[in-house]
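Use the sequences and the hints to build the structure in full.
When we follow the numbering used here, the leftmost residue of the sequence shown carries the number 1, and every step to the right adds one.
Please note that the accuracy of each hint is not assured.
Said to hold, decoys possible - For each label pair, taking beta carbons as the anchor points, the in silico distance ranges come out as:
id : residue 1 : residue 2 : range
1  : 14        : 90        : 13 to 21 angstroms
2  : 64        : 9         : 42 to 50 angstroms
3  : 99        : 10        : 39 to 47 angstroms
4  : 23        : 96        : 32 to 40 angstroms
5  : 91        : 9         : 17 to 25 angstroms
Simulated from the structure, these hints should not be mistaken for lab results.
Virtual Cβ for every residue (Gly too), placed ideally from N, Cα, C.
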Amino acid sequence: MAADPVDLLRREGRIVIVGASLAGLRAAETLRAEGFTGSLTMIGDEPYEPYDRPPLSKAVLLGKASPNHTELPHRREIDAKWRLGVAATGLDLSAKRVRLADGTRWSTTGC
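Set out below in structure tokens:
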């Protein structure tokens, strides 16, 4: 009996999320909550994991909070590879690759 393609994708698929922000983090958490157990990569141009921007722009700049207290809480473990500090500059749909500013290409079929 052939394996269910959806089940195979959930177990062995590879997903790359471009944008290591609140939206990207929540998308990754949702994928895991919905049963995706394959490879997950988060790509972001900033060198930091997602952080909460309103406190950073207000409380931190006013000296009322430390920048260390602006990290976004993870609602669940996402078990992702983080590729931070390099912007995504292009997408090759036919090759299933994301082109990064440093010249590397990140693939959903293997790096």
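Subject >> Whether the CB-CB distance between residue 64 and residue 9 falls inside 42 to 50 angstroms >> reply: 46 angstroms, holds
Original post:
So does residue 99 sit 39 to 47 angstroms from residue 10, Cβ to Cβ?
Top reply: Violated, at about 27 angstroms.
Original post:
Quick one: are residue 14 and residue 90 within 13 to 21 angstroms, going by C-beta?
Top reply: 18 angstroms, holds
Original post:
Has the hinted range 17 to 25 angstroms been met by the Cβ atoms of residue 91 and residue 9?
Top reply: 20 angstroms, holds
Original post:
Do the beta carbons of residue 23 and residue 96 sit within 32 to 40 angstroms of each other?
Top reply: 22 angstroms, violated
This entry does not satisfy hints 3, 4, going by the numbered hints stated previously.
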